[in-house]
Amino acid sequence: MARSTGEDAQALFHSLRSAYAATPKNLKIIDLYVAFAVFTALIQVAYMAMVGSFPFNSFLSGILSCTGTAVLAVCLRIQVNKENKEFKDLPPERAYADFVLCNLVLHLVIMNFLG
Amino acid sequence: MALETLAGVISLASNEIGQSRIDAVKNDILKLFDSIEKYDDGTFYFDEKVDGVGPLATTSSVVQGLTAFASTASGRVKLPEDNILGLTKYFLSIGIPGDAKEFFNQVNSLSCLENSRVSVPLILALPATVVSLTNKDKLKVRVTTALGSRSPPLKVKLVRAFISGSKDASVIENQELIFDSEGAFHILDLLPTSIDVGKYTFVFEIVLQDSEDAKVYVTGGQTKVPVYISAIIKIENAEISVLDSDLGSVDTQKKLNLGKEDDVSLAANHLQKLRLSFQLSTPHGHAFKPHQAILKLKHEKAEHIFLVGNSGKKFQVILDFLGLVEKFFYLSGRYDIQLSIGDAVMENSFCQDLGHVELDLPEAPEKAPRPAAQPDDPFSKYGPKAEISHIFRAPEKRPSENLSLAFLALTLLPFLGFLVGLLKLGVNLKNFPSAPVPAMFAILFHVGIGSILALYALFWLKLDLFTTLKALGLLGVFVMFVGHRILSHLASTSSKLKSA
Numbered sequence: 001m002a003r004s005t006g007e008d009a010q011a012l013f014h015s016l017r018s019a020y021a022a023t024p025k026n027l028k029i030i031d032l033y034v035a036f037a038v039f040t041a042l043i044q045v046a047y048m049a050m051v052g053s054f055p056f057n058s059f060l061s062g063i064l065s066c067t068g069t070a071v072l073a074v075c076l077r078i079q080v081n082k083e084n085k086e087f088k089d090l091p092p093e094r095a096y097a098d099f100v101l102c103n104l105v106l107h108l109v110i111m112n113f114l115g
Numbered sequence: 001m002a003l004e005t006l007a008g009v010i011s012l013a014s015n016e017i018g019q020s021r022i023d024a025v026k027n028d029i030l031k032l033f034d035s036i037e038k039y040d041d042g043t044f045y046f047d048e049k050v051d052g053v054g055p056l057a058t059t060s061s062v063v064q065g066l067t068a069f070a071s072t073a074s075g076r077v078k079l080p081e082d083n084i085l086g087l088t089k090y091f092l093s094i095g096i097p098g099d100a101k102e103f104f105n106q107v108n109s110l111s112c113l114e115n116s117r118v119s120v121p122l123i124l125a126l127p128a129t130v131v132s133l134t135n136k137d138k139l140k141v142r143v144t145t146a147l148g149s150r151s152p153p154l155k156v157k158l159v160r161a162f163i164s165g166s167k168d169a170s171v172i173e174n175q176e177l178i179f180d181s182e183g184a185f186h187i188l189d190l191l192p193t194s195i196d197v198g199k200y201t202f203v204f205e206i207v208l209q210d211s212e213d214a215k216v217y218v219t220g221g222q223t224k225v226p227v228y229i230s231a232i233i234k235i236e237n238a239e240i241s242v243l244d245s246d247l248g249s250v251d252t253q254k255k256l257n258l259g260k261e262d263d264v265s266l267a268a269n270h271l272q273k274l275r276l277s278f279q280l281s282t283p284h285g286h287a288f289k290p291h292q293a294i295l296k297l298k299h300e301k302a303e304h305i306f307l308v309g310n311s312g313k314k315f316q317v318i319l320d321f322l323g324l325v326e327k328f329f330y331l332s333g334r335y336d337i338q339l340s341i342g343d344a345v346m347e348n349s350f351c352q353d354l355g356h357v358e359l360d361l362p363e364a365p366e367k368a369p370r371p372a373a374q375p376d377d378p379f380s381k382y383g384p385k386a387e388i389s390h391i392f393r394a395p396e397k398r399p400s401e402n403l404s405l406a407f408l409a410l411t412l413l414p415f416l417g418f419l420v421g422l423l424k425l426g427v428n429l430k431n432f433p434s435a436p437v438p439a440m441f442a443i444l445f446h447v448g449i450g451s452i453l454a455l456y457a458l459f460w461l462k463l464d465l466f467t468t469l470k471a472l473g474l475l476g477v478f479v480m481f482v483g484h485r486i487l488s489h490l491a492s493t494s495s496k497l498k499s500a
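Residue numbers (UniProt numbering), protein chains in the order written: chain A, 1 to 115; chain B, 1 to 500.
These aren't lab readings, by the way, just hints derived from the structure by calculation.
Keep in mind that the hints are not guaranteed to be accurate.
Partial pick of chain A residues on the chain B-facing surface, computed with a CB cut under 10 angstroms [stated by the list, open to error]:
hint: 1; residue: Ile29
hint: 2; residue: Ala35
hint: 3; residue: Gln44
hint: 4; residue: Val51
hint: 5; residue: Glu93
hint: 6; residue: Ala97
All residues carry an ideal CB built from backbone N, CA and C; glycine is no exception.
Here chain A stands alone, though its shape is the one from the complex (with noise of 0.2 angstroms):
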């Protein structure tokens, strides 16, 4: 039985590599981008773990302005996809322009309350 799970996630995590290796470059970007994030949010966390949350609102910046970029990122490849059926009028470089913007604004915000 154990053998035969192993397997089993052994063949699942091919095929899903696979399909994933299908997936059309820039989308591949935008997701290695969400990654960068997550990962900058989670060692943040990890040193604020380490030695307290003395100056919070450093933190909640920091970690803030990581997970923010992430999801404007995430909404910028749901826009860009060209299978996604919801969006199909919208030109990816309107999607790409409102990305920017809000970046913008968002790190504007995290920098005035970084302190």
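Chain A is already provided as a structure; the job is to place chain B on it using the hints.
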């Protein structure tokens, strides 16, 4: 000030100014007097804060203008009598102002009022408001003009007199005062026996004998004057005794000579009581209740104060040592006795040492309160106080610098991972436009975004929010314009590719 100049103008121009103009000025004067303010005791004054001068200067300038106007104008200005009298009382009641200019204003105004053609106020004053029954003083009243010259023939009547603060009927009604022409006083000769010691309010009225004078002089109706009737109070039956508690039988009893020297020595223990009693009466024989009747027991380490209560005629205080043991801090020993009796109308108030009492109190238990330590210097409480050192919130513990730097490096790691990943994915710049104009826009777009990020870094390091927002506004508009151009160019090329 305006009135004075106007009066000067009128006096110079005299006949040429029509009567209607003068009437207009008179109306204005009356309106001005509507804004007059008054204190509760009947003094009137003007209080307009013009150029920082106080009410004295304002009022005096009004008075001077008014009298100058009245002395030149034909026809009289009708003003309420109270106002004139009130103004005079104001000038008389403010004492001597410190400034020479103010003093001149005061005296000048009083002389204007004295010589004015409007109305001359008559002031009723008492040289002494304290009348002693024991010395058989007589109440004297003097009536003069504002600066003290003689008044026309008149009579002063005491309309009524009543005890201050009480609503009882008055004690004296309608008594005329006899005029003493030598000293120019009006004297109230016989005080009826119903007037005893205390604080009274006498109401006087001036009655002019010559009715012609009523047009010239202003008397001001009834004047209320507070008068103190004082006397030497008799103290009788004063004694101090030590009583055995419960039974009330007298252990020792000594007679006291209050008002003269006294030195009794008593001894008591905590089971006994100390009783002090006396009687106070006025020259007319009524019982008298003084404002203060205080008994003080003084030990070298503490002192205690007790009030002497009264019941009808007799004043008595009983100190029950059994109940007071804790208040006395269980201190045995010699206590000096001091009695103070005083009142405003009592001429022989005193604060007298009566002697001492040796008190024998039981030992103090463990938890008994101790008396406050007496400082050596009784004025030390007025010296500088102990310095207060403020304790501020201790700053938070910060992590070590190495740890923070290590984590900084660790935070930058994902970014490097991102770049590596990008390279592995094979990013390229193939879509970068080659034609010069779009290429320039593309470059400007990236430069714009980079500059905004640099602005954010500068904002964190140095700038405040408002300058940042201003710069951001400018940069943002630029970036949006450029971005719009490049992205629409890219969109059009890609759509061309799709359609092609």
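Hint by hint, here is what the structure shows:
| no. | hint | in the structure |
| --- | --- | --- |
| 1 | Ile29 | holds (6 angstroms) |
| 2 | Ala35 | holds (8 angstroms) |
| 3 | Gln44 | holds (7 angstroms) |
| 4 | Val51 | holds (4 angstroms) |
| 5 | Glu93 | holds (4 angstroms) |
| 6 | Ala97 | holds (6 angstroms) |
Consistency note: the structure conflicts with none of the earlier hints.
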